[in-house]
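Residue numbers (our numbering), protein chains in the order written: chain A, 1 to 128; chain B, 1 to 714.
Careful: at least some of the hints might be erroneous.
[Unchecked claim] Listed next, the stretches of chain B that the computed footprint assigns to chain A, with coverage defined by at least 3 CB atoms under 8 Å from CB atoms of chain A: (1) 330-337; (2) 479-491; (3) 600-614.
These are computed hints drawn from the structure, not numbers from a lab. What you are looking at is a predicted structure, and each value in this text was computed from that prediction instead of being measured. Where is the CB? At the ideal position from N, CA and C, for every residue including glycine.
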Amino acid sequence: MTSGAHSSEYILVVEDDRDVRETLCEALILEGYSVVCVENGRAALGHLLANVPPCIILLDLMMPVMDGWTFRSEMLKFPALASVPVVVMTAASAARAAAAAAKAILYKPLDMGTVVGTVQEYCPHGAA
Amino acid sequence: MAAPEDLEGIGGDHEAADLLSLLAEQVVDYAIYVLDPDGRIASWNAGAQRIKGYAAREVIGKPYAIFFTEEDRLAGKPNRILSEARLHGRYREEGWRVRKDGSRLWASVVVTALHDRRGLFRGFAKITRDLTEHRQAEEMARLAAADQAARRQAELDQRETRRARDQLNLILRSIAEGVMVQAKDGSFVFANEAAARLCEFDSPEALLSATREEIFSKFDVLRDDGSPFPLKELPGRLALQGTTSTAIVRFRTRRTGQERWSFVSGAPVLDADGTVALSVSVFREFTERRRTEQAWQFLADASAALAASLDFEATLKRVAELAVPVIADWSGVDILAPDGSLEQLAVAHIDPSKRDLAKEWRRHWPPPPEGMIYQVIRSLQPQLVPEITPAMIEAGMTDPEQRRLAFDLGLRSVMVVPLVVGQKAIGTLTFVAAESGRRYESQDLILATEIGRRASLAIENARAYSEARQAILTRDNFLAIASHELRTPLSGLTILISSLARAAASGRLEKLSTEALKERFARAERQLVHLRRLVDRLLDVSHLSTRDLRLDLELTDLAEIAREVIARFEDTVLENGGTIELRATGATLGWWDRSRLDQMVTNLVGNAVKYGLGAPITVTASAGASGHVRLTVRDEGPGIPFEHQNRIFEQYERATESESLPGMGLGLWLVRRIVTAHGGAVNVDSVPGEGSTFSVLLPVGTMASPTETETPSS
Numbered sequence: 001m002t003s004g005a006h007s008s009e010y011i012l013v014v015e016d017d018r019d020v021r022e023t024l025c026e027a028l029i030l031e032g033y034s035v036v037c038v039e040n041g042r043a044a045l046g047h048l049l050a051n052v053p054p055c056i057i058l059l060d061l062m063m064p065v066m067d068g069w070t071f072r073s074e075m076l077k078f079p080a081l082a083s084v085p086v087v088v089m090t091a092a093s094a095a096r097a098a099a100a101a102a103k104a105i106l107y108k109p110l111d112m113g114t115v116v117g118t119v120q121e122y123c124p125h126g127a128a
Numbered sequence: 001m002a003a004p005e006d007l008e009g010i011g012g013d014h015e016a017a018d019l020l021s022l023l024a025e026q027v028v029d030y031a032i033y034v035l036d037p038d039g040r041i042a043s044w045n046a047g048a049q050r051i052k053g054y055a056a057r058e059v060i061g062k063p064y065a066i067f068f069t070e071e072d073r074l075a076g077k078p079n080r081i082l083s084e085a086r087l088h089g090r091y092r093e094e095g096w097r098v099r100k101d102g103s104r105l106w107a108s109v110v111v112t113a114l115h116d117r118r119g120l121f122r123g124f125a126k127i128t129r130d131l132t133e134h135r136q137a138e139e140m141a142r143l144a145a146a147d148q149a150a151r152r153q154a155e156l157d158q159r160e161t162r163r164a165r166d167q168l169n170l171i172l173r174s175i176a177e178g179v180m181v182q183a184k185d186g187s188f189v190f191a192n193e194a195a196a197r198l199c200e201f202d203s204p205e206a207l208l209s210a211t212r213e214e215i216f217s218k219f220d221v222l223r224d225d226g227s228p229f230p231l232k233e234l235p236g237r238l239a240l241q242g243t244t245s246t247a248i249v250r251f252r253t254r255r256t257g258q259e260r261w262s263f264v265s266g267a268p269v270l271d272a273d274g275t276v277a278l279s280v281s282v283f284r285e286f287t288e289r290r291r292t293e294q295a296w297q298f299l300a301d302a303s304a305a306l307a308a309s310l311d312f313e314a315t316l317k318r319v320a321e322l323a324v325p326v327i328a329d330w331s332g333v334d335i336l337a338p339d340g341s342l343e344q345l346a347v348a349h350i351d352p353s354k355r356d357l358a359k360e361w362r363r364h365w366p367p368p369p370e371g372m373i374y375q376v377i378r379s380l381q382p383q384l385v386p387e388i389t390p391a392m393i394e395a396g397m398t399d400p401e402q403r404r405l406a407f408d409l410g411l412r413s414v415m416v417v418p419l420v421v422g423q424k425a426i427g428t429l430t431f432v433a434a435e436s437g438r439r440y441e442s443q444d445l446i447l448a449t450e451i452g453r454r455a456s457l458a459i460e461n462a463r464a465y466s467e468a469r470q471a472i473l474t475r476d477n478f479l480a481i482a483s484h485e486l487r488t489p490l491s492g493l494t495i496l497i498s499s500l501a502r503a504a505a506s507g508r509l510e511k512l513s514t515e516a517l518k519e520r521f522a523r524a525e526r527q528l529v530h531l532r533r534l535v536d537r538l539l540d541v542s543h544l545s546t547r548d549l550r551l552d553l554e555l556t557d558l559a560e561i562a563r564e565v566i567a568r569f570e571d572t573v574l575e576n577g578g579t580i581e582l583r584a585t586g587a588t589l590g591w592w593d594r595s596r597l598d599q600m601v602t603n604l605v606g607n608a609v610k611y612g613l614g615a616p617i618t619v620t621a622s623a624g625a626s627g628h629v630r631l632t633v634r635d636e637g638p639g640i641p642f643e644h645q646n647r648i649f650e651q652y653e654r655a656t657e658s659e660s661l662p663g664m665g666l667g668l669w670l671v672r673r674i675v676t677a678h679g680g681a682v683n684v685d686s687v688p689g690e691g692s693t694f695s696v697l698l699p700v701g702t703m704a705s706p707t708e709t710e711t712p713s714s
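One chain only, chain A, in its complex shape (with noise of 0.2 Å):
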């Protein structure tokens, strides 16, 4: 768990990868961006269940443990996180990724140029 500069607002980053999750989550960082990093669904679930919810939810799908789609479902179990903006990010098949009812779908390899262009939309204090 990496934690950023300032505010409340904060990305929640799901990815089991560990260098995508890490470069990712200092690339956001970088950005201005306080951030959140887990490794599979349950730490996320578990994570939200215990803090205050981000503004947006950058998830992997294909992940040991619970997988992105489990979580998804999971998630929209509680009426406090369904409201919670998901961004899916995936090598997957847009029908696939579509499965886990995402505000937007990124394709994998990311480049920081979108990523950012679409963390702004649900976070527009984070960047400094």
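Model the placement of chain B on the given structure of chain A, informed by the hints.
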């Protein structure tokens, strides 16, 4: 009649006159009488009475014209004769005269004018001789001669006619065309050999002695298209109405079902008065030509069917159906099963009710190993039995029930041709003749063999297509998985580079410490290494898919390799709350390719970590029996569904349907490749919900035993 010398010595004129008078009276062979100058009868003698039939008292004083026929009388012949005699002194002729009873006589007549010594005309002497018999004899002779001549002529004519008729008969009987002649009432009055044969009779005589009904009960008369041909429209019948016509007629023998095709032409034969007396039908058979046409049509249809579909089972069934009834009464397709038994793929029969019988037959009496079908499969040579004899059935079928059925079915002739794919028989096509009575000849076998060849080609094409399609599908799968696998490290690199670029552009780069930058470059390097490893592995797999695995053998300790691999995964396992343990017992040394073995163990342990994360993982390495070393990797993950357990070692197959776990489906395939290349074996023991245990058994081997014998396709 007295001889002239008898008259010698008769003295004196007077006496002579008396004697002459007596002569005239008594001569019976001549009618001698006198006419007065008016033509009235003045004297009569015995001869006259005998010849003319009148007594003297009946005719004396009557005109001599009474002796003439009516025509002569009316023509004035009696007077003319007298005038002639008067004028010339004498008149003679032969001509018809009439007797008293009205009958005619042929008379030789001499009329002499009589003058006395003074020259005075006194009347006529008339001497008549009856020549009727002579005349009749002459007439008879003439008639007889004429008759004989006529008869001789008639005989000559008859002989000529008979000769011509015999010749015509011979020609008609022996020509190849069938010739039949019908009388006005429709009965057959002539037939030649060919016609008798066509009508299923032994001889023209037998045909001609049969009734119309008997003849037409032997066969069905059909049009070319197989529809019934009304008998009254046959050319021979139409000819009886005076019409000349030609038609194609198909005769189907009811007894055998055999068919014959003929061009039939009918023409009327007219009387002198122009009415129809007979009709002549000529049959020119072209069954062989039609058979050939049908055979080629079958070949074309079968080829089209074979080319139309890649589903070769359905196609072979179609070929079997097409063969009936064109070239066979029964046809069957048998396919060799992997265990060497024969599977009857299709049966077709002229009579669909008998198809089930054919299936039953096969169920009860599978083809014997020394039988025709297996002979063809072994030799790849087509076989023909032109005539199935009772002796063959007795010898070839031991079950009396089977023999009885064979006789009942009337099996007559059979051909079996192989289906050959890649120089191996995969089955046979069988064609049987029964009801139709046909007997296969070598030319039929040529056709059947050609069908077999084309069917084989179609099967080969279908297989090649299916394999190619499978290969493309596999490759597509692989590309999808590979591109997914490559995207993750690429993602890390892309984020890193684009993030640094954005920071540099916005002046935020200065915020990063040297340590933070070093850390980022180190991570970039790791991701590049990861990428390169993935690419290497893909190339390795691609390479191994098409080539043999080359082994670099050295003395290697399997336990040591397991320890190294476990060390690489330990952090991940512990992070996730699991454990990983190695139990090594005995000597675990062997002559193996160290890097390949590392790859093998890495894949097995990697799988255990991937699927059994958070639970205990146990690896064992132990000395097995008879020069083998055993490795097991046990996880307590979800296990592998039974239905997937036998295909997880295939290329691009994964043990789980789960979308949540990445993987290319290559790991276990590589494991098997490496293990079998070393002469070993790998298997899995898994219960869904309880985890999996992979076991590898490797022979210890020797320094000089590169054991790669496996081919990429196995």
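key: Within 8 Å of chain A's CB atoms, at least three CB atoms from the stretch 600-614 of chain B: coverage verdict   = holds (count 3)
key: Cβ contact check, 8 Å cutoff: the stretch 330-337 of chain B against chain A, three residues minimum   = violated (count 0)
query = Counting residues of the stretch 479-491 of chain B whose CB is closer than 8 Å to a CB in chain A, do you get three or more?
reply = Since 7 is at least three, the answer is holds.
In summary, the structure is inconsistent with hint 1 from the numbered list given earlier, while agreeing with all the others.
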